[in-house]
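Engineer: With chain A held as given, fit chains B and C onto it using these hints.
Each chain, written out:
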Amino acid sequence: MNTMSHKLLRIEDLVLHFKTRLGTVQAVDGVDFELDTNRAVVILGESGCGKSSLAKAILRLLPRNVQKYSGEVYLQGTDVMQFDEEQFRHNVRWAAISLVPQAAMNALNPVIKVGEQVAEPAIVHLGVKREAALNLARRMFQHVGVPEDFLERYPFELSGGMRQRVALAMALVTSPSLIVLDEPTSALDLLTQANIMNVLKRIKQELGTSFILITHDIATSSELADEVAIMYAGQIVEVGHARDFFPAPLHPYAQMLMASVPRLRSESDPMFITGQPPSLVNLPTGCRFKARCPFRFDKCEREPLMFGKNSRKVKCWLYE
Amino acid sequence: MLYYPSAIVGLLVVFLLVFTAIYAMIKIPYNEAIRLWRGGEEVWYQNPKFAPPAWFNLFSSKKYSESFAVKTSDGSMTREVTPGAQGTSTMSIAYTFDFSYDYYPQELILYFTSSYEEKQPFISAEWLTPDGRKIRLVNMALSQKQTYRFSQDEKLKTRLRTEEVIPYLFSDPETGALVKGEYQLLITGAAFEPDADINVEFVSHGQVYGLAGTDQARRDLVVPLLWGAPIALAFGLIASLGTSVLTMVIAALGTWYGGWIDELIQRITEINLVLPFLSILIMIGTFYSRSIWVILGATILLSIFTGAIKSYRSIFVQVKESLYIEAARAYGASSPRIVFLYLIPRMIPLLIPGLVSSVPAFVFLEASLAVLGLGDPVLPTWGKIIEDANSNGALYRGYYYWILEPATLLMITGLGFAMLGFALDRIFNPKLRDV
Amino acid sequence: MITELRDLKMNTPKINEPQALLTIQDLRVWYELRRFGFGHAGYVKAVDGVSFALAEGETVAVVGESGCGKSSLMKTILGLNIPTSGEVVFDGENLSGLKGDGLQHYRFKVGYVQQDPYGALPPFMNVQKILEEPLIISGMKSREERLARIHKVMSEVKLHPVEDFLKKFPHMLSGGQQQRIVIARAMLREPKLIVADEPVSMLDASVRVEILKLLRALQESHGLSVIYITHDLSTVKYFSRRIFVMYAGSLIEKADTRQLLGNPLHPYTHALLAATSDPEARNAETFKEVPPGEPPSLVNPPTGCRFHPRCPRFMAGLCDVKFPPDLEPEPGHFVACWLYQ
Numbered sequence: 439m440n441t442m443s444h445k446l447l448r449i450e451d452l453v454l455h456f457k458t459r460l461g462t463v464q465a466v467d468g469v470d471f472e473l474d475t476n477r478a479v480v481i482l483g484e485s486g487c488g489k490s491s492l493a494k495a496i497l498r499l500l501p502r503n504v505q506k507y508s509g510e511v512y513l514q515g516t517d518v519m520q521f522d523e524e525q526f527r528h529n530v531r532w533a534a535i536s537l538v539p540q541a542a543m544n545a546l547n548p549v550i551k552v553g554e555q556v557a558e559p560a561i562v563h564l565g566v567k568r569e570a571a572l573n574l575a576r577r578m579f580q581h582v583g584v585p586e587d588f589l590e591r592y593p594f595e596l597s598g599g600m601r602q603r604v605a606l607a608m609a610l611v612t613s614p615s616l617i618v619l620d621e622p623t624s625a626l627d628l629l630t631q632a633n634i635m636n637v638l639k640r641i642k643q644e645l646g647t648s649f650i651l652i653t654h655d656i657a658t659s660s661e662l663a664d665e666v667a668i669m670y671a672g673q674i675v676e677v678g679h680a681r682d683f684f685p686a687p688l689h690p691y692a693q694m695l696m697a698s699v700p701r702l703r704s705e706s707d708p709m710f711i712t713g714q715p716p717s718l719v720n721l722p723t724g725c726r727f728k729a730r731c732p733f734r735f736d737k738c739e740r741e742p743l744m745f746g747k748n749s750r751k752v753k754c755w756l757y758e
Numbered sequence: 027m028l029y030y031p032s033a034i035v036g037l038l039v040v041f042l043l044v045f046t047a048i049y050a051m052i053k054i055p056y057n058e059a060i061r062l063w064r065g066g067e068e069v070w071y072q073n074p075k076f077a078p079p080a081w082f083n084l085f086s087s088k089k090y091s092e093s094f095a096v097k098t099s100d101g102s103m104t105r106e107v108t109p110g111a112q113g114t115s116t117m118s119i120a121y122t123f124d125f126s127y128d129y130y131p132q133e134l135i136l137y138f139t140s141s142y143e144e145k146q147p148f149i150s151a152e153w154l155t156p157d158g159r160k161i162r163l164v165n166m167a168l169s170q171k172q173t174y175r176f177s178q179d180e181k182l183k184t185r186l187r188t189e190e191v192i193p194y195l196f197s198d199p200e201t202g203a204l205v206k207g208e209y210q211l212l213i214t215g216a217a218f219e220p221d222a223d224i225n226v227e228f229v230s231h232g233q234v235y236g237l238a239g240t241d242q243a244r245r246d247l248v249v250p251l252l253w254g255a256p257i258a259l260a261f262g263l264i265a266s267l268g269t270s271v272l273t274m275v276i277a278a279l280g281t282w283y284g285g286w287i288d289e290l291i292q293r294i295t296e297i298n299l300v301l302p303f304l305s306i307l308i309m310i311g312t313f314y315s316r317s318i319w320v321i322l323g324a325t326i327l328l329s330i331f332t333g334a335i336k337s338y339r340s341i342f343v344q345v346k347e348s349l350y351i352e353a354a355r356a357y358g359a360s361s362p363r364i365v366f367l368y369l370i371p372r373m374i375p376l377l378i379p380g381l382v383s384s385v386p387a388f389v390f391l392e393a394s395l396a397v398l399g400l401g402d403p404v405l406p407t408w409g410k411i412i413e414d415a416n417s418n419g420a421l422y423r424g425y426y427y428w429i430l431e432p433a434t435l436l437m438i439t440g441l442g443f444a445m446l447g448f449a450l451d452r453i454f455n456p457k458l459r460d461v
Numbered sequence: 334m335i336t337e338l339r340d341l342k343m344n345t346p347k348i349n350e351p352q353a354l355l356t357i358q359d360l361r362v363w364y365e366l367r368r369f370g371f372g373h374a375g376y377v378k379a380v381d382g383v384s385f386a387l388a389e390g391e392t393v394a395v396v397g398e399s400g401c402g403k404s405s406l407m408k409t410i411l412g413l414n415i416p417t418s419g420e421v422v423f424d425g426e427n428l429s430g431l432k433g434d435g436l437q438h439y440r441f442k443v444g445y446v447q448q449d450p451y452g453a454l455p456p457f458m459n460v461q462k463i464l465e466e467p468l469i470i471s472g473m474k475s476r477e478e479r480l481a482r483i484h485k486v487m488s489e490v491k492l493h494p495v496e497d498f499l500k501k502f503p504h505m506l507s508g509g510q511q512q513r514i515v516i517a518r519a520m521l522r523e524p525k526l527i528v529a530d531e532p533v534s535m536l537d538a539s540v541r542v543e544i545l546k547l548l549r550a551l552q553e554s555h556g557l558s559v560i561y562i563t564h565d566l567s568t569v570k571y572f573s574r575r576i577f578v579m580y581a582g583s584l585i586e587k588a589d590t591r592q593l594l595g596n597p598l599h600p601y602t603h604a605l606l607a608a609t610s611d612p613e614a615r616n617a618e619t620f621k622e623v624p625p626g627e628p629p630s631l632v633n634p635p636t637g638c639r640f641h642p643r644c645p646r647f648m649a650g651l652c653d654v655k656f657p658p659d660l661e662p663e664p665g666h667f668v669a670c671w672l673y674q
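Protein chains in written order, with our numbering: chain A, 439 to 758; chain B, 27 to 461; chain C, 334 to 674.
Honestly, the hints are just simulated from the structure, not real lab data.
Keep in mind it's a predicted model, so treat the numbers as computed, not measured.
Yeah, the Cβ is synthetic: ideal placement off N, Cα and C, and Gly gets one too.
Incorrect hints may appear among the rest.
[Claimed, not checked] Computed list of lysine-lysine pairs in BS3-like fashion (alpha-carbon distance at most 30 Å, straight line):
hint, chain 1, residue 1, chain 2, residue 2
1, A, 639, C, 621
2, C, 462, B, 346
3, B, 181, B, 160
[What the hints assert, rightly or not] Partial list, computed: chain B residues near chain C (C-beta under 7 Å):
hint, residue
4, 348
5, 350
6, 355
7, 359
Chain A extracted, bound-state conformation (with noise of 0.2 Å):
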């Protein structure tokens, strides 16, 4: 098999449900994304979407109530899937993709200095000794923009800013060739989020690394995206490259998030959509947006398929 021509990541009707007691949460419900080497796609969508769960999916980090967890997650073209969780433990999870999850930085344990829970992964996954882990950790720390010296200290003696660049060296600190982000600057200020948002860029030109990148925050988002994915109840509704898709988004619900958005430096006048997600416990037959759609039609009420050709899909029957 020729390795050259298979993507980074390819996911194949990725399936994640869970049992609670008022029903099946379908938090990820049929998602198929595809992303390069060296590139980042950001996965965009309001709260209760499931973006997280999507997450969750891909590095397989499964809550107990899981009812449904199938599809098919190629990895530089292994199914990963089918890995047992050993394997995928020692060839996956940190090894290959890492993940830093939503609040990272209020997650690094108290007690224990960030250098060595920075070089933590790296003796688990790798199974490097402590000191080369803290090296690999002290190389990380001057790509994420952490003084070497901050090793030594322990998590309440850094800022917000800092610590999220910990957690950030955490995930690196294994070299792997992608990077989930889980809402990586939500919760930290405007000039501290600009410079995660420009230690991501650079770690991208530095390392070739790879990003999925899942936010809720549309303009800071633009920041790393080269492709954009939509994710409305449980689903990707629209995929594209970014400069295609900020400019002219296709599917009604992304042109409304877009028009939604506050903008700087243009006069236009937001727009909100009316009315609420549907729940994921309880979602609706055929197209799950078109309770809100402005441009519903009768053959809304069947499932749309993933219309479009290349990078640019949108899953509405507009476009068919």
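Structural biologist: Frame of chain A; chains B and C shown alone:
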């Protein structure tokens, strides 16, 4: 709630206990319960001592004899009176009973009451066995009240040539084997005055008694077992409610007002934490009063300033900073209003499960104090049964029922409340739910 | 040097417009730091020499990063903090002299919209109870009167039909609905001033604009004064006539929204604007210019201009020595920066 089996079981147990408590209070009113519990021989003369419950026979191939008591005054013993000349009368009293047990009764007793003016009535008693033997028991003149204990009659012993009267009466004199069948007690009396009268009560102290058995003072254990329920529930619930609510209110006030109030509460708590709780209760019980109310009050007071106040405080410190409290301040809510309507209600989901789960601890505390001899001197409680059992050496004398009955009830109570508490905790604090 | 500083402060333009609803004059809010609970260990100078006036019906945005003192300023205006020095005069009443009942009445007159609507609503009360509370506290005895008021305010915030919402608890509502309840609560007692602390930052993008537009509609129809506190410059122009930029306890730039966005003067304002992204694909191709370092500690702020350690246009011997006064390089555009001397 129905999703949690433990909640259902717990709730069932608690309901059952409450039902038992109400039943006890209706069936045996308080004064009656106290009279029975404190009564001695004159209340409980009909009962054997140390008798296990009658349902022991269900699990035993050899049957223990059950107790009974019959008397002429209520007709359970037949009495025929035949008037004679010059105001005299003769009467014949008989009682026939079926004896099909494998063990002898502890004792047979006749309680005579007679009325006369000058001349004492006279009776003679005879024992008829199933194999047709007739044994003369006693001939005697009666005083107004007279008790005749079969096993204590020295004349009878001599006559029968045995030290063990009761076994003799129930066995074949040749083989010594126990004879089952219909026995009859025949008493013939003679009164010599027109208004003279004789009444007899025949009591057999068996080997087993009633639903719960008896103790050293012949008391039916049903009484303290039933009445233990309302007392245990009342003590546990009042102590738990009082402690939890007061702890919470004090913690909330301290956290909200801060400053010296908070300091004072913290220091009192720290001092109280190093004070020996049980020893203080023992001292109060020994030197001041063993009344359950005094002990209850002391328990609540000593339980307020404990670790719970610190953990509530740590949560209140967070709640105090929450946005909705800030909003309430901003729209002008007064401090007391914030403490009672905004801070404390936030904690109810923590309070209720904690309150329910801490009931058993207080129930056990009351029982422990009773076992240590510091139980309420008046009230019948489960702890007191254990204390009595313990001081009468129930365990090495083999009276397991005596300890197991109250202990089982204590354990069921504890388990019921604990299960309900844990389930409530999960319901009120969904973070604990195993999703 | 201390006298010099004082002199400079004295020179700040006196703001004494007759129609001012809120006048803040040289306000300081310092918190004492204590060591081991009693020893003095300095002050957190959260608000340090802030002056401005707000006219009736005027909207102003206070923009700054976390820890710049904007929350302390806001809480002082709400009557929740006690000013260390300086004057806060609201509707003819001086906040410094108020205690007990007076302070309570002061609080009745200011509405407060918080950042996190879910946290701002007591989770154990239903909507009706939540909205009745401020009315009960301000002495509205009749239940009918209260309900009538609640109905009116809830329809103003467009929670239709009102009856459907009254018995609901906060967790049953969506974020947007929760925030409407918070706004309704702020509007209940017909305040003249609303303080809105990041009212939309916790909401989803599609709801954000809806809430901002609602706030603006209410502001216009009731002639409200609004202080809008935010870190997000992109929402400001939809809402506020003026912008104040706050850094390390003081307002470093005050101007009309258009003036400030079009012609930012202070280097810090420049940095904030540069860091604010619009959703454009080309953003990914360039790095952002971000001033180095982080906002200073409010306990030991830098001498002179507090931004000087991070400032790209720092002038040694001036910026690190003297605190810059409020300068007015163009009419109505105040900036505390030595560049415009």
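Engineer: The structure should be examined with respect to each hint, and the outcome stated for every one.
Structural biologist: Hint-by-hint comparison with the structure:
At most 30 Å may separate the alpha-carbon atoms for a hinted pair to count; residue 639(A) and residue 621(C) meet this at roughly 10 Å. Note on residue 462(C) and residue 346(B): the hinted pairing holds, with a Cα-Cα distance of about 20 Å set against a maximum of 30 Å. Proximity of residue 181(B) to residue 160(B) is assessed by CA-CA distance (about 17 Å); at most 30 Å being required, the pair is judged to hold. The beta carbon of residue 348(B) is positioned within 7 Å of a beta carbon in chain C (closest approach about 6 Å), and the interface hint is therefore held.
Residue-level restraint check for residue 350(B) holds (minimum Cβ-Cβ distance to chain C is 5 Å; threshold 7 Å). Against a cut-off of 7 Å between C-beta atoms, the interface hint on residue 355(B) holds, since the closest Cβ of chain C lies about 6 Å away. With a least beta-carbon distance of about 5 Å to chain C, the hint placing residue 359(B) at the interface is held under the 7 Å criterion.
Figure legend: structure checked against the earlier numbered hints; every hint is met.
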